[in-house]
Amino acid sequence: MKPAPFTYHRASSIDDAIAHLKGGDTIVRPLAGGQSLVPMLNLRLAPADKLVDLTRIDALRRSEERPDCIRYGALVTHAAFEDRLVPDASNGLMPFVGSQIAYRAIRTRGTIGGALALADPAADWLTTIVALEAEIALVGPNGRRAIAGTDFVLGPYMTAIEDAELIEAIAVPRRPASERWGHYKVARKTGEYAESMAIALIDKTCGTARLVVGATDGAPLVLEKSSHDIAAGSGGEALATTIRRELADSGRDFSPEKLLLHCTTAVRAVANSEKR
Amino acid sequence: MKISISATINGKPVHVSVEPRTSLADLLREELRLTATHLGCEQGVCGACTVLIDGQPARACIALAVGLEGADIRTLEGLDQDPLMLTLKAAFHDKHGLQCGFCTPGMLISAWDLLRRKPRLSTEEIRVAISGNLCRCTGYQGIVRSIQSAAEKYAGKAELAREQA
Chain C
1 MKPAPFTYHR
11 ASSIDDAIAH
21 LKGGDTIVRP
31 LAGGQSLVPM
41 LNLRLAPADK
51 LVDLTRIDAL
61 RRSEERPDCI
71 RYGALVTHAA
81 FEDRLVPDAS
91 NGLMPFVGSQ
101 IAYRAIRTRG
111 TIGGALALAD
121 PAADWLTTIV
131 ALEAEIALVG
141 PNGRRAIAGT
151 DFVLGPYMTA
161 IEDAELIEAI
171 AVPRRPASER
181 WGHYKVARKT
191 GEYAESMAIA
201 LIDKTCGTAR
211 LVVGATDGAP
221 LVLEKSSHDI
231 AAGSGGEALA
241 TTIRRELADS
251 GRDFSPEKLL
261 LHCTTAVRAV
271 ANSEKR
Chain A
1 MKISISATIN
11 GKPVHVSVEP
21 RTSLADLLRE
31 ELRLTATHLG
41 CEQGVCGACT
51 VLIDGQPARA
61 CIALAVGLEG
71 ADIRTLEGLD
81 QDPLMLTLKA
91 AFHDKHGLQC
101 GFCTPGMLIS
111 AWDLLRRKPR
121 LSTEEIRVAI
131 SGNLCRCTGY
141 QGIVRSIQSA
151 AEKYAGKAEL
161 AREQA
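Residue numbers (this note's numbering), protein chains in the order written: chain C, 1 to 276; chain A, 1 to 165.
It is possible that part of the hints are untrue.
[Said to hold, decoys possible] Derived, one-sided and incomplete: chain C residues facing chain A with beta-carbon distance under 8 Å:
(1) 1
(2) 39
(3) 92
I should point out that these hints are in silico values taken from the structure, not numbers from a laboratory.
C-beta: ideal position from N, C-alpha, C; glycine also.
If we strip away everything but chain C, and leave its shape as in the complex, we get (with noise of 0.2 Å):
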């Protein structure tokens, strides 16, 4: 299908976008990589009556090294990550994460800020971003704010951000070199959007432990109580049975066989810390 007509505006700075996304009745949607909006709009699922194109803003591309944090621009793709053409300090999680999403031809195109401003439960950056406990740094008519991650999604397809906004950037804080990761995830095909996934971040130096759990009915689920027994040393069956009773109470509606694909898939993330 093609899309409905809709105008279209090169903002040329972030003050430029912002004056433009304000829509007042019409409906004005800024566009970044378009992996995902341009789909929608060829479909007709997401109606625009004009697209915002972020693009050449250059100061959405850049990342800068701090000394505590990486701040990543909005508009820095999959593939950069997947390719290390930015910097690193998660031990190797984001640029595999990044390698991991969809196929080569949508990670040359397709922008962490893009994903996360979208926030499909499903989308791989979500869960990685409130697992490494990022911020999100916003850009709006009202000024600059920072927001924590795991604040930042509201439930599916929904987040903090407000009309006229835009997301700048996405700080991630170092993270120790004694930490290691494990990344599991479920999906019917290679490069399909994941049926469940976890993220889980352990070091037995410092004795932390953070176990998230991705493509759930909405925002990625921290487990609190399984992470602390994790940090105290739980394992095998003992964990499970902790990771699969803290989802089955979480307040979400999973379904028996959902709930056991979650838990799964976080004691195999947990597993694959291990291996690293």
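Given the structure of chain C, go ahead and fit chain A onto it with the hints provided.
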């Protein structure tokens, strides 16, 4: 309202006016009559429309032409003298890499990019790399063999060139 864009397509400068909703694929096929780029799903899933934008593989059906001001676009037509592409085409011929041929342009571009990035590959890596290109005829066996064969020939040629140099 149509918007003028200038881009380089297969090495030649092109100036056209496009509606904002026109995809690169429609521009290539309908306006420029470059019909090697095929359109299957028009939602970025099947990979038949894969072309190179600034040297990187991309789906032409979900790239808006209006956003490609200044871009360097190369389609299968623009790789007709490229040594690696000629090796790939010969391998697809020898190893039965196609039946109906609809997916072939996208397969060839994806394989071209793959071999440029990773000259030595296992069949498993090839299968993962072409998972974004759907073929409904071959069952993929012939395609994987074709890419494997092209990889071996291409690596051999590169080695020979190094020895001679």
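In rising order, the numbers of the hints this structure does not comply with: The structure breaks only hint 3.
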